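Could you build the full structure based on these sequences and the hints that come with them?
Here is what each chain is made of, one letter per residue.
Number of protein chains: 2
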Amino acid sequence: MTLKELSKAELKSFYDEQMSLLEGFKKKGLKLDMSRGKPSPEQLDLSNEMLTHCLDGDHISENGVDCRNYGVLDGIYEAKRLFMKMIGVGRWEIIIGGNSSLQMMYDVLAKAMLLGVKGSEKPWCKLEKVKWLCPAPGYDRHFAICEAFGIEMITVPMLSDGPNMDMIEKLVAEDDSIKGVWCVPRYANPTGVVYSDRVVTRFANLKPAAKDFRIFWDDAYCVHTLEDDAPPILNILDECKHAGNPDMVIIFASTSKISFPGGGVAIIGASEENINFMKAQMAYQTIGYDKLNQLRHAKFFKTYEGILEHMKKHRAIIKPKFDAVLEALDREIAPLDIAEWSRPKGGYFISFDSPAGTAKRVVALCKEAGVTLTGAGATFPYGIDPEDKNIRIAPTYPSLEELKAAIEIFCVAVKAAAAEKLLAE
Amino acid sequence: MTLKELSKAELKSFYDEQMSLLEGFKKKGLKLDMSRGKPSPEQLDLSNEMLTHCLDGDHISENGVDCRNYGVLDGIYEAKRLFMKMIGVGRWEIIIGGNSSLQMMYDVLAKAMLLGVKGSEKPWCKLEKVKWLCPAPGYDRHFAICEAFGIEMITVPMLSDGPNMDMIEKLVAEDDSIKGVWCVPRYANPTGVVYSDRVVTRFANLKPAAKDFRIFWDDAYCVHTLEDDAPPILNILDECKHAGNPDMVIIFASTSKISFPGGGVAIIGASEENINFMKAQMAYQTIGYDKLNQLRHAKFFKTYEGILEHMKKHRAIIKPKFDAVLEALDREIAPLDIAEWSRPKGGYFISFDSPAGTAKRVVALCKEAGVTLTGAGATFPYGIDPEDKNIRIAPTYPSLEELKAAIEIFCVAVKAAAAEKLLAE
Numbered sequence: 001m002t003l004k005e006l007s008k009a010e011l012k013s014f015y016d017e018q019m020s021l022l023e024g025f026k027k028k029g030l031k032l033d034m035s036r037g038k039p040s041p042e043q044l045d046l047s048n049e050m051l052t053h054c055l056d057g058d059h060i061s062e063n064g065v066d067c068r069n070y071g072v073l074d075g076i077y078e079a080k081r082l083f084m085k086m087i088g089v090g091r092w093e094i095i096i097g098g099n100s101s102l103q104m105m106y107d108v109l110a111k112a113m114l115l116g117v118k119g120s121e122k123p124w125c126k127l128e129k130v131k132w133l134c135p136a137p138g139y140d141r142h143f144a145i146c147e148a149f150g151i152e153m154i155t156v157p158m159l160s161d162g163p164n165m166d167m168i169e170k171l172v173a174e175d176d177s178i179k180g181v182w183c184v185p186r187y188a189n190p191t192g193v194v195y196s197d198r199v200v201t202r203f204a205n206l207k208p209a210a211k212d213f214r215i216f217w218d219d220a221y222c223v224h225t226l227e228d229d230a231p232p233i234l235n236i237l238d239e240c241k242h243a244g245n246p247d248m249v250i251i252f253a254s255t256s257k258i259s260f261p262g263g264g265v266a267i268i269g270a271s272e273e274n275i276n277f278m279k280a281q282m283a284y285q286t287i288g289y290d291k292l293n294q295l296r297h298a299k300f301f302k303t304y305e306g307i308l309e310h311m312k313k314h315r316a317i318i319k320p321k322f323d324a325v326l327e328a329l330d331r332e333i334a335p336l337d338i339a340e341w342s343r344p345k346g347g348y349f350i351s352f353d354s355p356a357g358t359a360k361r362v363v364a365l366c367k368e369a370g371v372t373l374t375g376a377g378a379t380f381p382y383g384i385d386p387e388d389k390n391i392r393i394a395p396t397y398p399s400l401e402e403l404k405a406a407i408e409i410f411c412v413a414v415k416a417a418a419a420e421k422l423l424a425e
Numbered sequence: 001m002t003l004k005e006l007s008k009a010e011l012k013s014f015y016d017e018q019m020s021l022l023e024g025f026k027k028k029g030l031k032l033d034m035s036r037g038k039p040s041p042e043q044l045d046l047s048n049e050m051l052t053h054c055l056d057g058d059h060i061s062e063n064g065v066d067c068r069n070y071g072v073l074d075g076i077y078e079a080k081r082l083f084m085k086m087i088g089v090g091r092w093e094i095i096i097g098g099n100s101s102l103q104m105m106y107d108v109l110a111k112a113m114l115l116g117v118k119g120s121e122k123p124w125c126k127l128e129k130v131k132w133l134c135p136a137p138g139y140d141r142h143f144a145i146c147e148a149f150g151i152e153m154i155t156v157p158m159l160s161d162g163p164n165m166d167m168i169e170k171l172v173a174e175d176d177s178i179k180g181v182w183c184v185p186r187y188a189n190p191t192g193v194v195y196s197d198r199v200v201t202r203f204a205n206l207k208p209a210a211k212d213f214r215i216f217w218d219d220a221y222c223v224h225t226l227e228d229d230a231p232p233i234l235n236i237l238d239e240c241k242h243a244g245n246p247d248m249v250i251i252f253a254s255t256s257k258i259s260f261p262g263g264g265v266a267i268i269g270a271s272e273e274n275i276n277f278m279k280a281q282m283a284y285q286t287i288g289y290d291k292l293n294q295l296r297h298a299k300f301f302k303t304y305e306g307i308l309e310h311m312k313k314h315r316a317i318i319k320p321k322f323d324a325v326l327e328a329l330d331r332e333i334a335p336l337d338i339a340e341w342s343r344p345k346g347g348y349f350i351s352f353d354s355p356a357g358t359a360k361r362v363v364a365l366c367k368e369a370g371v372t373l374t375g376a377g378a379t380f381p382y383g384i385d386p387e388d389k390n391i392r393i394a395p396t397y398p399s400l401e402e403l404k405a406a407i408e409i410f411c412v413a414v415k416a417a418a419a420e421k422l423l424a425e
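Those sequence lines, one after another, are chains A and B. All letters in the first sequence, in the order written, are residues 1 to 425 by my numbering. All letters in the second sequence, in the order written, are residues 1 to 425 by my numbering.
These aren't lab readings, by the way, just hints derived from the structure by calculation. Misleading hints may appear alongside valid ones.
Copies of the same chain are indistinguishable here, so a pair counts whether it falls within one copy or spans any two.
[Claimed, not checked] Quick list of in silico lysine-lysine cross-link-like pairs, BS3-like style, CA-CA up to 30 Å:
1. Lys118 / Lys131
2. Lys360 / Lys345
3. Lys85 / Lys170
4. Lys367 / Lys279
5. Lys4 / Lys299
6. Lys360 / Lys279
7. Lys126 / Lys211
8. Lys279 / Lys31
9. Lys404 / Lys26
10. Lys28 / Lys207
11. Lys131 / Lys31
12. Lys85 / Lys131
13. Lys211 / Lys319
14. Lys421 / Lys26
15. Lys131 / Lys279
16. Lys345 / Lys129
17. Lys129 / Lys211
18. Lys313 / Lys404
19. Lys211 / Lys85
20. Lys170 / Lys122
21. Lys207 / Lys129
22. Lys170 / Lys367
What you are looking at is a predicted structure, and each value in this text was computed from that prediction instead of being measured.
Put into structure tokens, the structure is as follows:
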């Protein structure tokens, strides 16, 4: 029986039951966290070897660079080779950076504001207004960067195969103050959407009014499949070149969820001309990134195929967690017909849409019962979900046991909030 | 006999002799490099243990942080404790950053331009003009950051105990577009000058017209003494607090020349309010820096005293190199009375003033003979040494044998250029 089919009295009794269950959880004083996309300690153990004997007595790169000393702005070659295939670029089309792709996105955008990108007539901070397209639900930290710089965010709805391209094509063609767009092309954060070929080619063929428009292609989950066969995705740089827009895309990635978050390496991919332009800007900022950590990664993974093998071990740990969440939602929520959620084939999140107007309430009820979720609204620009329904579930960090306890509480909170809303109607 | 005492004929024969010596060097096809302040491989070997067993099976900080995972924006506590004493700040007055203090300086200035510093009425990029005081000779990469951002540089002469403070006090009081000053307070790059107490207190007591004026205090060589007893220097943050200007200074340092250049950690020190302001800005840029590398450093050095002990090993390697350069200059150049040079008690450089109008020529002659020096002029804003006389000698990287060969050639080049100039007068 779905929730809507219940009589008012039945609904009231259903609601009371959920609230009393929540009261019971509250008394247990639990502390469960499904808020951030963090690998679990077990996952981190997979790369421990990198921290110990990986560099024993050998810190010279294959090109003869002493990785302990200054130099090599764009990274050592064996690290480039490792990641070229991962993000689909050539050897002159890559920079190996520091420990954070978020920082590289921030830095590229900061430099665009202060200095401009290749082809800019002037630094963007000298323009009256800068706008950015934000497919949503999306990644809160992307939106936060725009907010920091006072860039006006325009929300674009996410569809099942990528952002609404009709809307994007129209907007960028009309408004030259729109300078860019955030994309997470495979296993989008939080929806898990994989961009279709049609979406990728439409991105590559955009005709923006702003000649220095940039697609920020955050390929954060490029090797983070939860299935045997990862879905193929078109190569955005190739497509952009083919469309005569070679400089329009900047690809970002990192090993934060491959090796260590905060202890990994970040990667930028772009056309050779774009890379050279960015390197010339970067040369004022740093003499070089941490080559020792680059060498650690190259020695540990050896090849791109080595990364794929490594990701299978991650998958063995996290797939059961995704399954546990989906199993609970299917069992507890599906029969009530009150909510929808993603069944991601990769990435780090399950995107959950509770009844409109209840997401904040669900998060609050969970909090009281000892379960921390990402704040409702976080997946939208300015933290405002217009329908107050999207909740991002991050199942990777807790142990399977903790996760099962947390999702049980989550389901009760969703039921309570849904019933509460129906009762108030 | 000094060079000026020679007759024209004697001078000509002296000149010919030097040029023929240079011709001889040229034929040898040498490749010697005294251009950058880089530690030698021997120095880097001192920290090799940090790359291997340092983190064996233990990546949890003493506060229970798993350093392999996300979090802790301002760095782990044991790293803070290690460096607090080094730069003279308290536990709430420090941020442990990434691998490059240069990058942190660039980033703080970029954020000042885009967002403003604590107390700014508006971001500096919204001002008509931003100016910066540049004591010179100084560090070329400092000046390059100003150049990148279009900040107008004002050269301030370096005196024997620090920059010309009369000039600085006057300029900052008069002109509110002057937003800051570069300082390398001990063993200044390249002069080796150690700021006197008087200079430090005058900095702390500046009364800038710009309410958001900042002293960028790059304490790059804080533990890099070449003597048994390092000269004491007043604590700039204490002095600023005492003067009622607690937020005026930002201290930078790194372990680039303690552990590994590019593989070390960078440090920011400032008042607690300043630190909190900067952390709030940084939170948009990154989730955190590489805590594994912070832990490596904390475990390897253990205490500040451990760092000082480590620096004695560096000194044992580099002191003989400084001595070799000074010995050659004293022997070959001093009797001719044509040049002056520093006798640094720490740091990484010897600052050499050749006869006015000859620095470029000396560098070019050296280059032809196989010796690379930092480009003449690099130590001045915009790369322009008004007197064309300052040359920065970096003796640390070459082996002692190579260095002796290089400085021999350098002395001949100085003699040739000096004679050439006298002949042309």
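Quick rundown of the hints versus the structure:
{"no.": "1", "hint": "Lys118 / Lys131", "verdict": "both (18 Å within a copy, 26 Å between copies)"}
{"no.": "2", "hint": "Lys360 / Lys345", "verdict": "within (27 Å within a copy, 63 Å between copies)"}
{"no.": "3", "hint": "Lys85 / Lys170", "verdict": "neither (33 Å within a copy, 58 Å between copies)"}
{"no.": "4", "hint": "Lys367 / Lys279", "verdict": "between (45 Å within a copy, 27 Å between copies)"}
{"no.": "5", "hint": "Lys4 / Lys299", "verdict": "neither (58 Å within a copy, 61 Å between copies)"}
{"no.": "6", "hint": "Lys360 / Lys279", "verdict": "between (43 Å within a copy, 28 Å between copies)"}
{"no.": "7", "hint": "Lys126 / Lys211", "verdict": "both (16 Å within a copy, 24 Å between copies)"}
{"no.": "8", "hint": "Lys279 / Lys31", "verdict": "between (45 Å within a copy, 27 Å between copies)"}
{"no.": "9", "hint": "Lys404 / Lys26", "verdict": "within (16 Å within a copy, 75 Å between copies)"}
{"no.": "10", "hint": "Lys28 / Lys207", "verdict": "neither (57 Å within a copy, 59 Å between copies)"}
{"no.": "11", "hint": "Lys131 / Lys31", "verdict": "neither (40 Å within a copy, 52 Å between copies)"}
{"no.": "12", "hint": "Lys85 / Lys131", "verdict": "neither (32 Å within a copy, 45 Å between copies)"}
{"no.": "13", "hint": "Lys211 / Lys319", "verdict": "neither (43 Å within a copy, 55 Å between copies)"}
{"no.": "14", "hint": "Lys421 / Lys26", "verdict": "within (22 Å within a copy, 87 Å between copies)"}
{"no.": "15", "hint": "Lys131 / Lys279", "verdict": "both (25 Å within a copy, 26 Å between copies)"}
{"no.": "16", "hint": "Lys345 / Lys129", "verdict": "neither (38 Å within a copy, 52 Å between copies)"}
{"no.": "17", "hint": "Lys129 / Lys211", "verdict": "both (15 Å within a copy, 28 Å between copies)"}
{"no.": "18", "hint": "Lys313 / Lys404", "verdict": "within (21 Å within a copy, 55 Å between copies)"}
{"no.": "19", "hint": "Lys211 / Lys85", "verdict": "within (29 Å within a copy, 51 Å between copies)"}
{"no.": "20", "hint": "Lys170 / Lys122", "verdict": "within (24 Å within a copy, 34 Å between copies)"}
{"no.": "21", "hint": "Lys207 / Lys129", "verdict": "within (20 Å within a copy, 36 Å between copies)"}
{"no.": "22", "hint": "Lys170 / Lys367", "verdict": "neither (41 Å within a copy, 58 Å between copies)"}
In summary, the structure is inconsistent with hints 3, 5, 10, 11, 12, 13, 16, 22 from the numbered list given earlier, while agreeing with the others.
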